[in-house]
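The whole structure should be built from the sequences, with the hints applied where relevant.
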Amino acid sequence: MAAEATLAHENSSSNPWGGGKSPFGISWGKMMMWFFLVSDAFTFSSLIIAYGAFRHRLTHIWPTANDVFTHFPFVHGHLPLAYVGLMTFILIMSSVTMVLAVDAGHRRDNKSVAVWMGLTIIGGFMFLGSQAWEWYNFISGTPDGALKMPTGEIYRFPENAPSLHAKGIHAPDWALISPDHKVIEDKAEIARIKAVAQPIHGANLVDNEYGHPLFADFFFFITGFHGFHVFSGVVINIIIFFNVLSGVYSRRGHYEQIEKTGLYWHFVDLVWVFVFTFFYLV
Amino acid sequence: MADHNNETHGYYTGDMHNQFVPEHYDPKNRGVIWRTFWILLVITIGEVAIAFTSLSKELLEVIFITLTVVKAYFIVAFFMHLKHEKMSLAYSILLPFVLIIYLIAMSLTEANYLNLWDNMFK
Chain E
1 MAAEATLAHE
11 NSSSNPWGGG
21 KSPFGISWGK
31 MMMWFFLVSD
41 AFTFSSLIIA
51 YGAFRHRLTH
61 IWPTANDVFT
71 HFPFVHGHLP
81 LAYVGLMTFI
91 LIMSSVTMVL
101 AVDAGHRRDN
111 KSVAVWMGLT
121 IIGGFMFLGS
131 QAWEWYNFIS
141 GTPDGALKMP
151 TGEIYRFPEN
161 APSLHAKGIH
171 APDWALISPD
181 HKVIEDKAEI
191 ARIKAVAQPI
201 HGANLVDNEY
211 GHPLFADFFF
221 FITGFHGFHV
231 FSGVVINIII
241 FFNVLSGVYS
251 RRGHYEQIEK
261 TGLYWHFVDL
271 VWVFVFTFFY
281 LV
Chain W
283 MADHNNETHG
293 YYTGDMHNQF
303 VPEHYDPKNR
313 GVIWRTFWIL
323 LVITIGEVAI
333 AFTSLSKELL
343 EVIFITLTVV
353 KAYFIVAFFM
363 HLKHEKMSLA
373 YSILLPFVLI
383 IYLIAMSLTE
393 ANYLNLWDNM
403 FK
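The listed protein sequences correspond, in order, to chains E and W. Position 121 of the first sequence, counting from 1, maps to 121 under our numbering, and the rest follow consecutively. Position 60 of the second sequence, counting from 1, maps to 342 under our numbering, and the rest follow consecutively.
Please note that a few of the clues may not be correct.
Said to hold, decoys possible - Computed spacing ranges between beta-carbons, pair by pair: (1) E:THR151 with W:LEU377: 42 to 48 Å; (2) E:GLU159 with W:LYS365: 45 to 51 Å; (3) E:GLU159 with W:ARG312: 48 to 54 Å; (4) E:ILE139 with W:ASN397: 25 to 31 Å; (5) W:LEU377 with E:ASP186: 54 to 60 Å; (6) E:LYS167 with W:LYS365: 37 to 43 Å; (7) E:SER250 with W:LEU377: 36 to 42 Å; (8) W:VAL352 with E:PHE36: 24 to 30 Å.
No lab work stands behind these hints: they were computed from the structure. Predicted model, so just to flag it, every value in this text is computed and none were measured. Idealized CB from N, CA, C, for every residue including glycine.
Quick look at the structure:
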């Protein structure tokens with residue numbers, strides 16, 4: 001009886017969970033990281049669902065992503081999906097280097113952990129740079145911009161609507177593209193539009209030369225929120241990287257900290273998979 | 283009995299919290315990591331490739347969303363290691379997302395109705 005009580009006491013004092021072992025078989029630090037990520041996933045889900053709801057409501061006048069994101073560095077011409085495909089590759093690759101750092105931590109291989117963490121940080125910076133370039137192109141827009149009616153409708157020029165061309169619809173140079181992606185060839189109507197419309201260039205929170213301003217608002221907010229997560233992840237990774245270099249974890253005897261920051265980093269990759277689908281593919 | 287194994291192979295952190303950290307190192311881990319990488323890469327390239335085919339918009343949407351969920355599974359199960367955690371942890375993380383499915387259904391139903399309403403008087 002007394003021996004049992006002592007044993008129970010020892011078990012509870014050896015573990016803050018009080019039962020002698022953690023109910024989920026992991027440390028509370030890792031568990032709280034998981035539950036933080038669940039709440040963060042709810043935030044991202046809500047944002048993407050809000051985007052989806054407005055897109056379904058305004059489906060006939062929603063901009064076509066393949067007309068918006070067509071640039072690739074040092075290459076002229078319309079290359080939809082190429083650049084964002086590369087960004088996705090960079091983020092998946094940095095997820096792989098992160099999980100290899102975790103793996104090296106399990107082997108207590110301090111040097112390998114440092115190398116893989118370093119590569120993960122480089123991947124993070126490459127992604128942030130790519131996103132800055134993507135934003136730059138979206139904000140600066142096309143050379144000719146578009147026409148905005150006093151009532152807010154956006155009429156675009158055919159050269160800025162390569163997706164119509166891809167669908168086999170050929171619009172003459174002087175034509176206009178209506179908000180619902182139809183070619184306007186009636187010269188009287190074009191003159192009527194041009195008489196009252198104002199030229200706009202690029203995208204910001206008020207105007208979007210590619211179509212409905214909500215597209216730009218959601219793009220800036222969701223990719224911005226994701227980009228801020230990537231930035232936070234890079235900062236955390238840098239702190240961990242210097243801890244690895246100074247031998248904090250080899251002295252501590254385990255590399256669980258790498259697993260926790262790794263969970264966060266993979267989550268950032270996971271969110272991008274959804275952003276990629278709903279902003280660029282669908 | 284993977285769970286049993288995890289509990290017996292591990293160590294206490296020895297710091298102020300003195301937590302039990304289960305060990306599950308397996309030399310095959312790196313093979314799994316690279317296999318997951320190739321699966322994610324091939325799916326992403328496949329998605330970009332079929333975006334330029336003449337498949338109908340609706341079919342493409344179904345394919346893209348299915349492949350996205352498949353990619354999410356591989357990231358969560360293997361990169362985030364959830365497949366090898368206890369089932370109780372996996373369920374407490376995954377079950378709340380039933381609410382997200384409900385929110386999607388609710389929001390899109392409402393949005394589609396408003397779309398109809400917007401265009402009714404045009």
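That 45 to 51 Å hint for E:GLU159 and W:LYS365 (C-beta), does it hold up?
holds (49 Å)
Is 37 to 43 Å respected by the C-beta to C-beta distance linking E:LYS167 and W:LYS365?
Since E:LYS167 and W:LYS365 have Cβ atoms about 42 Å apart, the given range 37 to 43 Å holds.
Confirm or reject the claim that W:VAL352 and E:PHE36 have a C-beta distance inside 24 to 30 Å.
holds (25 Å)
Are E:ILE139 and W:ASN397 spaced within 25 to 31 Å by their CB atoms?
holds (29 Å)
Measuring from beta carbon to beta carbon, are E:THR151 and W:LEU377 in 42 to 48 Å?
The hinted range 42 to 48 Å holds for E:THR151 and W:LEU377, with Cβ atoms some 47 Å apart.
Quick check on a hinted range of 48 to 54 Å for E:GLU159 and W:ARG312, using CB atoms only.
With Cβ atoms ~49 Å apart, the hint holds.
Outcome for the supplied range 36 to 42 Å, where the beta carbon pair is E:SER250 and W:LEU377:
For W:LEU377 against E:SER250, whose Cβ atoms are near 38 Å apart, the range 36 to 42 Å holds.
Regarding W:LEU377 and E:ASP186, is the given constraint of 54 to 60 Å on their beta-carbon distance met?
holds (56 Å)
In summary, this structure violates none of the numbered hints.
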